[in-house]
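Q: These are the residues of each chain, in order.
There are 4 protein chains.
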Amino acid sequence: MTALHGFLPPLTPKGSSALVPNPPWYYSGTLLTIEYLTDPANVRAILPDDIDLAPDRPGAVALIWADWQSCSEGGLELLDPIRSQYLEAFAVVRCAYQGVTYSRCVAIWVTKDFAIGRGWFQGYPKKFGSIHVTRLFNRGKATPRLENGAQLGASLSAYDHRLASAVVTLREPSEDNGFVNGHKMLHNRFMPSIATGGGMSLDQLVSMGGIDVDLGPAWRGDAELSLADSQWDELGSLLPVDEVLGGYYREVGTTFVGGELVTDRSRPV
Amino acid sequence: MTALHGFLPPLTPKGSSALVPNPPWYYSGTLLTIEYLTDPANVRAILPDDIDLAPDRPGAVALIWADWQSCSEGGLELLDPIRSQYLEAFAVVRCAYQGVTYSRCVAIWVTKDFAIGRGWFQGYPKKFGSIHVTRLFNRGKATPRLENGAQLGASLSAYDHRLASAVVTLREPSEDNGFVNGHKMLHNRFMPSIATGGGMSLDQLVSMGGIDVDLGPAWRGDAELSLADSQWDELGSLLPVDEVLGGYYREVGTTFVGGELVTDRSRPV
Amino acid sequence: MTALHGFLPPLTPKGSSALVPNPPWYYSGTLLTIEYLTDPANVRAILPDDIDLAPDRPGAVALIWADWQSCSEGGLELLDPIRSQYLEAFAVVRCAYQGVTYSRCVAIWVTKDFAIGRGWFQGYPKKFGSIHVTRLFNRGKATPRLENGAQLGASLSAYDHRLASAVVTLREPSEDNGFVNGHKMLHNRFMPSIATGGGMSLDQLVSMGGIDVDLGPAWRGDAELSLADSQWDELGSLLPVDEVLGGYYREVGTTFVGGELVTDRSRPV
Amino acid sequence: MTALHGFLPPLTPKGSSALVPNPPWYYSGTLLTIEYLTDPANVRAILPDDIDLAPDRPGAVALIWADWQSCSEGGLELLDPIRSQYLEAFAVVRCAYQGVTYSRCVAIWVTKDFAIGRGWFQGYPKKFGSIHVTRLFNRGKATPRLENGAQLGASLSAYDHRLASAVVTLREPSEDNGFVNGHKMLHNRFMPSIATGGGMSLDQLVSMGGIDVDLGPAWRGDAELSLADSQWDELGSLLPVDEVLGGYYREVGTTFVGGELVTDRSRPV
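Chains as they are written, first to last, in this note's numbering: chain A, 1 to 269; chain Z, 1 to 269; chain H, 1 to 269; chain G, 1 to 269.
If you're looking for bench data, these hints aren't it; they were derived computationally from the structure.
Do not rely on the hints blindly, as some may be mistaken.
Just so you know, same-sequence chains aren't split out, so a pair can sit in one copy or run between any two.
Stated by the list, open to error - Simulated pairs of lysine-lysine, DSS-like, Cα-Cα distance not exceeding 27 Å:
{"#": "1", "residue 1": "Lys112", "residue 2": "Lys184"}
{"#": "2", "residue 1": "Lys141", "residue 2": "Lys184"}
{"#": "3", "residue 1": "Lys14", "residue 2": "Lys141"}
{"#": "4", "residue 1": "Lys141", "residue 2": "Lys112"}
Let the hints inform the model, and build the full structure from the sequences given.
A: Pasting the structure below:
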């Protein structure tokens, strides 16, 4: 009898239909990050009961636009680039669990289905969005360059509602591209019982991080950020901006090979 | 402390960001169905080991284009129709488990993220696709009408590769719109461990069906169907067409309120 | 030597690459119309100098969502429906020229390139948009029906900015679906000289209307309408709503076979 | 009375709704070029009667994927990058007119409406397509780098039919990125009379080229190219590949400020 192959469904004998292939997953791209402060009560309100606020600057938020090219082992995706390229816009806060500080993604939109599948696996609460961020080219007049005064724009829309618009003006080289998204991620993975009201068939706390991180030069600067809600998405009301801390741009490469189970409360329901 | 609300992530205090809200989920739309025979060995090859071929016509396949409007309780989605309308193209086979015959979706593409989320919950192996099917209007010359000779086209593309093209020519009223998709669904829900190679954190067999099914008049006729593969999707090689049985068109309404757990092999990994 | 064929470029020996094939063009679909009053000065401001305000209710505006299936002679487009189906959202005012009252489209967004091409030919100032409108199905609970209290939503977005959101609540059958879009259209067609600052190589006033109009029953009711601008599109500031007159829904069919040249001021530049 | 402003319609008092603003138009991006030989009879067949084959290598074709960021004076588009970024895939041949050799675009697909509008103005026969090309990043493992063995993929799809797939393998630095697209462009601009069968209201031959061309280092290598037709687009049958000459990658910047009228045969119809 033929076995079924693939990492995420659909599974087939050959395995090439899988929404997501086996890790490792490789990433090359750019990150445009805006960090700001919101009332820590807003962060507290979107954390599960058993997860605490971070002890330091608990109201810090990073809103990040990632412009990725990504592939699995062998790099087949790079030769049909529609399967390789995608963008993400996501909100990250910090939190603490059993005394350790983690980063945590509390909202994220992506442009491709394989990215949604990877998010389900990793506990990123992914939805589809339309996402754009200014690119840096080396030639011509229709591009900023990596220098003082360079301006990069970014936008996020979902279901045809503009949820975020941003402009970052770079000022100077920086040692890092922010501090909020700098810890291992602490995420929940869950799946309700197929029987309505039956509780959680999958209910896990997991943690993970990238390896082989390959960092380009970081720049920091000023940022303007406008957030909104729609009927289907809360962003402006969930994590309103009190004070912008700064904007950052950096090229990055990273690899994902898996994470660790922290706690499991799943039940056979 | 604020509780978090929502059916599928992201969860928020208010709950309106959820990718999918609580059932019931209501559906109104049209189904264009093409039924055909493939070698039963092809069906056998995509069933898990513990699921058997259906005893009768085990090589029968239904390829279905659904053009849906859908909403949850209260119908808010209908007032912002981008959140309500989507299309699906999916392949259904029949199978048997512990002596009972079921329908089973083995491949499915949809046009919206909330539909992907519902599929993840129901065990439909959903991916994103670009899907189109001819509509029936009542006025003018750019539409077939529900009559002998009416022709409806349909297409499915994923990652810019055309996977299926079809034309159905209606001939006569029919008592049903096929037999392959007529049983309760038997699906697998699974999620690999976050630790690579760690086995399945969620591994369930579930079954489900619609309620309050509201059927319009069915028509049957002839069908032409062309299937293909891409690097990312197997369809033409997975379930090749030996003999087309017929094509069907029907308006339908249905409601989903949940299903039943059949077996659970999940492990806390 | 082979001749080149096709109605709009690209032209090829076979002619099947043309962005738009030869008329006649057939249309079947639905119209959701909202009529309202704006200050007549707003209408005056977007008419060319030589075109006058309509003598009666000069500040009346119709904002229309059309959900079309369309084909040319032979109907090949209907068998590959991605080439046949599109939506339009457009603003129509009335005007007068040499004593005759016309309708005039002053802003329009569509979802397909062939529709942009037809607009360029007809003098509709078409741009690309993302457009949605609630559909009426006959089965199930996720649809309004043609009855008192039925609610239909509609949206228009361009470059990920929401420009219009509307809800129409139907109340009763109506003899028509409004009066603003009821005259022949009076449009300008122009093309600047390829030499910058060279004037207009094409500068025409044209008129046109549909034939073989096939009308379904019209319903009228109340409407809510919210308009906005973006950096790239003026709608809310251009034709702000003073008073909503009503909302309408109607199925329609029509055929376009060409129009008439009214004046020509083109120059060989 | 208020004047109407804007380069291409719609025109408004403020002018910010124009599909395309006034030149100059600035471009920064990358070009992936594949040059090949087809039978010169194929090139002859898609040239108008009064345009000749180029005297040297008349069967040479360049198929080019351009990944652009573009803006007008002031650069506002760069701050809302959805309005600035687009891709093009286009086929270029060479031709001769009155003894001068020109380049000529005979088929082109783009991803944004403003690019279609610029094409109408410049005589590029633009249609919408879905276009992707591998990008070069500087970090991580999901990217080729500018070196021997680097592989870049590219695809073009229109109406969900894959029309072209390509892979270029870079081998060495090159002095240029091909010879086919290296001359001034010679294009036709036309618009049929609004009266069916009425001839051409606009019928011009125009020429143009870029200024301030800013070229990055070029690389050349091998290429694989697969072309196809659909019902709506001729490419594989129009310009079939006899022999691939090579593949090229180069970053480029350019500026468009207008062109020259060569001949005018427009008539007031």
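Q: All hints, please: hold or fail.
A: Hints, verified against the model:
1. Only within a single protomer do Lys112 and Lys184 lie at most 27 Å apart by alpha-carbon distance; the minimum there is 24 Å, versus 31 Å between protomers.
2. In this homomeric assembly, Lys141 and Lys184 come within 27 Å of each other (Cα to Cα) only across copies, at 21 Å, whereas the closest approach inside a single copy is 39 Å.
3. Within a single copy, Lys14 and Lys141 get their C-alpha atoms only as close as 48 Å, which misses the 27 Å cut-off; across copies the closest is 26 Å, which meets it.
4. With identical chains, the CA atoms of Lys141 and Lys112 are at most 27 Å apart between copies only, with a shortest distance of 20 Å across copies and 30 Å within one.
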